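> Single-letter residue listing:
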Amino acid sequence: NAGVTQTPKFQVLKTGQSMTLQCAQDMNHEYMSWYRQDPGMGLRLIHYSVGAGITDQGEVPNGYNVSRSTTEDFPLRLLSAAPSQTSVYFCASSRDRGDPPYFGPGTRLLVL
Amino acid sequence: QQQVKQSPQSLIVQKGGISIINCAYENTAFDYFPWYQQFPGKGPALLIAIRPDVSEKKEGRFTISFNKSAKQFSLHIMDSQPGDSATYFCAASRGSNYQLIWGAGTKLIIKP
Numbered sequence: 339n340a341g342v343t344q345t346p347k348f349q350v351l352k353t354g355q356s357m358t359l360q361c362a363q364d365m366n367h368e369y370m371s372w373y374r375q376d377p378g379m380g381l382r383l384i385h386y387s388v389g390a391g392i393t394d395q396g397e398v399p400n401g402y403n404v405s406r407s408t409t410e411d412f413p414l415r416l417l418s419a420a421p422s423q424t425s426v427y428f429c430a431s432s433r434d435r436g437d438p439p440y441f442g443p444g445t446r447l448l449v450l
Numbered sequence: 007q008q009q010v011k012q013s014p015q016s017l018i019v020q021k022g023g024i025s026i027i028n029c030a031y032e033n034t035a036f037d038y039f040p041w042y043q044q045f046p047g048k049g050p051a052l053l054i055a056i057r058p059d060v061s062e063k064k065e066g067r068f069t070i071s072f073n074k075s076a077k078q079f080s081l082h083i084m085d086s087q088p089g090d091s092a093t094y095f096c097a098a099s100r101g102s103n104y105q106l107i108w109g110a111g112t113k114l115i116i117k118p
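Protein sequences, first through last, are from chains A and B. For the first sequence, the tail end lands on 450 under this note's numbering, and the numbers increase by one without skipping. For the second sequence, the tail end lands on 118 under this note's numbering, and the numbers increase by one without skipping.
In short, the hints are calculated from the structure, not lab data. As the structure is a computational prediction, the values presented were derived from the model and not from experiment. Each residue gets a CB set at the ideal place from its N, CA and C atoms; glycine is no exception. Check the hints yourself; a few may be wrong.
[Claimed, not checked] In silico DSS-like cross-links for lysine-lysine, where the CA-CA straight-line distance does not exceed 27 Å: (1) LYS347(A) with LYS48(B); (2) LYS347(A) with LYS113(B); (3) LYS48(B) with LYS352(A).
[What the hints assert, rightly or not] If you want a taste of the chain B side facing chain A, the calculated C-beta under 8 Å gives, among others: (4) LYS48; (5) GLY49; (6) LEU52; (7) TRP108.
With these hints in hand, go ahead and build the complete structure from the sequences.
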């Protein structure tokens, strides 16, 4: 099993550009989530999904969209990038909502 | 009510010493308290976790101590090794709604 994979590993965007961060898992996990990690702030939940076709907002959803068309994939879309979205983004998955999440390796995003 | 406060921000310990990281929470409804370990360039990985029905849980050199009345829990790393150098995060969640609330992290450096 590859576990949770994320692409790209690093991305530079200009303010106003849009992009999609990819996340895939091969563990047949129902629950997937996106976090951002900023220095001194721990991890904050952006969006999550309890299964294909079902998504919901986390703590800091503004400026991000998600969809879950398959169990395996959970892409995160930045609609119009802002410097405040410079961060490291982690995708995570777990068997169900009550299990601890397994994290991917992260995507480092720099918005200029 | 949702905060988890972690201290210290950074910690330097000599090889063979005991590393202690503390967390405090406010929401008495939290019932799951995991610790995650993160190495540079990697996602966080679950290290050890405790529920409030026990006061201590030990796994190898890692121990969680839990004080329900004080709303505090701590991670002890015995016989600390250079390979333990990483950032450690505490977190808390409530019930089956597995939305972890994260501490800000502690950067641990073990000096050889």
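> State for each hint whether it applies.
Now the hints, each set against the structure:
1. LYS347(A) with LYS48(B): 11 Å, holds
2. LYS347(A) with LYS113(B): 22 Å, holds
3. LYS48(B) with LYS352(A): Within the cut-off at roughly 25 Å; holds.
4. LYS48: 6 Å, holds
5. GLY49: The hint holds - GLY49(B) has a Cβ within 8 Å of chain A, the shortest such distance being about 3 Å.
6. LEU52: This hint holds: LEU52(B) lies near chain A, its Cβ roughly 5 Å from the closest one there, short of 8 Å.
7. TRP108: Because about 3 Å separates TRP108(B) from the closest Cβ in chain A, which is inside the 8 Å limit, the hint holds.
Checked against the numbered hints above, the structure breaks none of them.
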